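Novice: As a plain string of letters, each chain reads:
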Amino acid sequence: MIAEKTTMIDVTMNRDVLVVGCGAPGVQAAAVLADRGYNVVLAHGGSDEKIPASGVEIMSGTRVEKLAGVAGDYRICLATGDKFVERTFGAIVVAPTYGLEPLNLAYDLTLDDRVVTMTQMEAKLKDPAFTEDLKKGDGKVVAFLSGFGQEGDPAATRRVLEAALAVQNLGASSAYIYANNVKVGGPGLERLFTQGRHQGVVCFKPLEKPVIDQGETLNITINDPVVRGDLVLEPDYIVVEEKMVVGQKNLDLAATLRIDTDLEGLLPSNNVHRFPVRSNREGIFVASQPVDGANVVLRVEDLLGEGVVTVAKERAVVDDSKCVICLTCYRCCPHGAIFWENGVAVISPVACQGCGICASECPMDAIQIGEFTDASLKADIDEAVASAQKAPTPSVVAFCCENSAFEAGQAVKALGADLPEGFRMIQVPCAGKVDVEFIMRAFVEGADGVMVAACHEGNCKAERGNTFAGWRVAEVQRRLEAMGLNKDRLIFTTIASNMAEEFSVKVQKFIEKL
Amino acid sequence: MNSQTGKVMVVGGGIAGLTAAWELARKNIGVELVEKSCFLGGHSIGYTCKATEMCQKCGACSVEKMLKDVIAEPLINVHLRTEVKALDRSDRYRITLAKSDGEAADGKILKGFSRHNTPLFVIGENVTEAAPPGAMKIQDMGSECELDVDAVILATGFSPFDASLKSTYGYGKWENVITGLEFEHIERENAGIVRPSDGKSPKRVAFIQCVGSRDERLGHLWCSEVCCAYALRMAGTIRHQDPEAEVSVFYIDVQNVGKEFPVFYAKIKENVRFVRTIPVDIYPVENDCLKLRHMAEDQGTPTFEEFDLVVLSIGIMPGADTKIISEIFDVPMTVDGFLDESVGNGIFVAGTASGPGTIAASMAKAGKAAFDAVKYLGGAK
Chain A
48 MIAEKTTMID
58 VTMNRDVLVV
68 GCGAPGVQAA
78 AVLADRGYNV
88 VLAHGGSDEK
98 IPASGVEIMS
108 GTRVEKLAGV
118 AGDYRICLAT
128 GDKFVERTFG
138 AIVVAPTYGL
148 EPLNLAYDLT
158 LDDRVVTMTQ
168 MEAKLKDPAF
178 TEDLKKGDGK
188 VVAFLSGFGQ
198 EGDPAATRRV
208 LEAALAVQNL
218 GASSAYIYAN
228 NVKVGGPGLE
238 RLFTQGRHQG
248 VVCFKPLEKP
258 VIDQGETLNI
268 TINDPVVRGD
278 LVLEPDYIVV
288 EEKMVVGQKN
298 LDLAATLRID
308 TDLEGLLPSN
318 NVHRFPVRSN
328 REGIFVASQP
338 VDGANVVLRV
348 EDLLGEGVVT
358 VAKERAVVDD
368 SKCVICLTCY
378 RCCPHGAIFW
388 ENGVAVISPV
398 ACQGCGICAS
408 ECPMDAIQIG
418 EFTDASLKAD
428 IDEAVASAQK
438 APTPSVVAFC
448 CENSAFEAGQ
458 AVKALGADLP
468 EGFRMIQVPC
478 AGKVDVEFIM
488 RAFVEGADGV
498 MVAACHEGNC
508 KAERGNTFAG
518 WRVAEVQRRL
528 EAMGLNKDRL
538 IFTTIASNMA
548 EEFSVKVQKF
558 IEKL
Chain B
114 MNSQTGKVMV
124 VGGGIAGLTA
134 AWELARKNIG
144 VELVEKSCFL
154 GGHSIGYTCK
164 ATEMCQKCGA
174 CSVEKMLKDV
184 IAEPLINVHL
194 RTEVKALDRS
204 DRYRITLAKS
214 DGEAADGKIL
224 KGFSRHNTPL
234 FVIGENVTEA
244 APPGAMKIQD
254 MGSECELDVD
264 AVILATGFSP
274 FDASLKSTYG
284 YGKWENVITG
294 LEFEHIEREN
304 AGIVRPSDGK
314 SPKRVAFIQC
324 VGSRDERLGH
334 LWCSEVCCAY
344 ALRMAGTIRH
354 QDPEAEVSVF
364 YIDVQNVGKE
374 FPVFYAKIKE
384 NVRFVRTIPV
394 DIYPVENDCL
404 KLRHMAEDQG
414 TPTFEEFDLV
424 VLSIGIMPGA
434 DTKIISEIFD
444 VPMTVDGFLD
454 ESVGNGIFVA
464 GTASGPGTIA
474 ASMAKAGKAA
484 FDAVKYLGGA
494 K
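Residue numbers (the working numbering), protein chains in the order written: chain A, 48 to 561; chain B, 114 to 494.
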């Protein structure tokens, strides 16, 4: 049930923007934002190099030491050497750059004059002395290793293909590529790969990693699946692939900003709700792909453009008299929206996404979500059970996340399929708002079954709301068993917003079991 | 800051067009969203969720969400079953719209994939059955008018490869040879994968990659960038639904599937067999099963294997209207036949109209196109 009255308030937003790091899309966003009248500071850890962003205040050799506050009012301590400054920003743009590490050890190789990294080969190919040498006489043989030290990606493939083609075009020199999966999933790469083959670049795809002897002469042996025999090559140069490394600095930054990374430590996290540049925190954006610069500008202007945002005052409210500052809400908030003021927890209406995880976890029941207060949800439960019991089929109450299951359930009805008569949905902002108490109440009121329907793991808009819901369901199942009741009267399930038929099948199956 | 006005036409109502329209509306810019079919959402609104226990980040649910947001947006004016006929650039951009008759609906009631499709049901000509509530007659749909706008975003999308062109696979002849796109629809409509011939869950499934992509004979020198992504995710859902099902993927090179690929790939390899070869042909055998012939890489001899269902991972081809759109808007085509996105001058390209890409990539490109259009409008004043 959506609360009847919502008081809106205006919150003033600081219009200064901090860009952290000098990744190209972030630098581009910095320049555009400065051009549009924002005060932009670009802080990066590098030396005083030229960064192409006019109107932007550049702070080199600088890192983010501390961060407090929320979107519109981030208070940041920037450290340059042993000098610290406190600044306030409305939004933060992370523009990560990653390092490269040669994977020679994966091939049991030592780097020397003949065994070089991809970066070194690219430099050599720009050196006239080297290219002239490759043009002479019979030329040289250059072998590239790709995809046996790591899975690889299109960016790495592009470098190999371009360098191989360059070698192939130098006199009688020839290029050989030893590849696992050729990652051509990027613009123009298949065409480049084909062009290389037509010009004589040979690509071997052995099933096993090549065996390389780094002796007097270099020696690469593979068992070729096409000719079904050993193939030996004696190249003049071996070029070793490189792996992108995240580095401690990027991980530290993510930890300081309290934003999630993906499994490999890359930003942003791999959650579809964040596509393409959002993080789990309002007002912190990530620019890592070329088109991200534009998308970051759109989001920053959305948030800060007017200098004021209008938000629901009671999105989430802490009862001062109940809060004992136990830090539970601070720890479980996936959006970093909760902070401390005058001895009580405060929830920023700008940063809060209204998921309600904090309200359900608060041991003092001190937090209410404006649109989904405990009182209104309890009324929903009572009403749902009472009306469901009038139906001839078992009465089932389903707590449905409005981002997924509730959408799917409404789609079932709209598309003309039937849900059982005794089935009732209760809309919740996130499965993380489903309290143990709510589930118990549904049973006490007389529901035959209770369903908690959440987003799939990794798809929760509040990152962990579904995890909390899963734990609470398990807890209630234990209690049901302890009371001598059938724990299967309660289930936890996951469903996507676009899967009406699957939702309908899941409901039917549950009801058949009851 | 958001006092900017102006009007932009977005051509194409798939995920790229929807995203571009929504971003423009966020900037307080009026949008004329033109879609030639009877429904918004494009191909991707019909895609299935590919989650196992875990979300596999296919983005299908993002399309549902974007459609919901777009139809709630008063600044976006939608023209369904409408196409662009002409452009006059003498002053602003005067665009002539006409009804599109591209949708074959004779005797049929068409249904949208999402509850956010308005209308959800469209009644074709010569339909005698009773109409569902809220249904609209196809004759009553479509705009015929001239509109003046300040910029245009072309988000005309792609055409799925016509699998019957690879005739040895028997697509269109053998019922249980289906395309990846059909897999999307079947799984979504049946809450699980079933065979077209008998509605039963297949126990042995083959995916054939690069059907229409990376094919020099066809002159298709591009990777479609999405087929490994959907096929591997589908392989995962089959195994999730039925841990005893055997799934094989026939491939040239496995392409990355979004972020966190090494982790995803390692997990999928535990459950799915990968065979590095592109099969030669497919024959029907008894029980509607299929015999697939391929040259096994490690044996070098022809090998025959039987499957209950074969999925052809068809790729992303230039949209059927690309040539016409290119002529009307004077936007050149790339060597591969997609729209060249680098043109500018008030005409911008978003999504797969300019080349293959995932839902996530189309959304990001659409954001960029909207950004460019806003910038153009600002500069024009």
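Quick caveat, the hints were computed from the structure, so don't treat them as lab data. Predicted, not measured: the structure shown is a model, and the values here were computed from it. Ideal Cβ positions, reconstructed from N, Cα and C, are used throughout, including at glycine. Any given hint could be a false lead.
[Stated by the list, open to error] Only pairs whose alpha carbons sit at most 30 Å apart, straight line, appear in this in silico DSS-like list of lysine-lysine: (1) A:K252 <-> B:K198; (2) B:K372 <-> A:K113; (3) B:K181 <-> A:K360; (4) B:K404 <-> B:K316.
[What the hints assert, rightly or not] Here chain B is said to cover these stretches of chain A; the calculated rule only asks that three of the stretch's residues, wherever they fall, bring their Cβ under 8 Å from a Cβ of chain B: (5) 112-126; (6) 175-188; (7) 194-205.
Novice: Are the hints correct? Go through all of them and say.
Specialist: Structure-based check of each hint:
Simply put, K252 (chain A) and K198 (chain B) have alpha-carbon atoms about 49 Å apart, too far for the 30 Å limit, and the pair is violated. At most 30 Å may separate the alpha-carbon atoms for a hinted pair to count; K372 (chain B) and K113 (chain A) meet this at roughly 28 Å. Note on K181 (chain B) and K360 (chain A): the hinted pairing holds, with a Cα-Cα distance of about 25 Å set against a maximum of 30 Å. For a cut-off of 30 Å, the pair hint linking K404 (chain B) to K316 (chain B) stands: about 14 Å separates their Cα positions.
Counting residues of the stretch 112-126 of chain A whose CB lies closer than 8 Å to any CB of chain B gives 0, which falls below the minimum of 3, so the coverage claim is violated. Interface restraint, the stretch 175-188 of chain A with chain B: violated (0 residues with C-beta to C-beta distance below 8 Å; minimum three). As drawn, the stretch 194-205 of chain A meets chain B at 4 residues by the rule of a beta-carbon pair under 8 Å; at three or more, the given contact holds.
The structure is inconsistent with the numbered hints 1, 5 and 6, although it conforms to all the rest.
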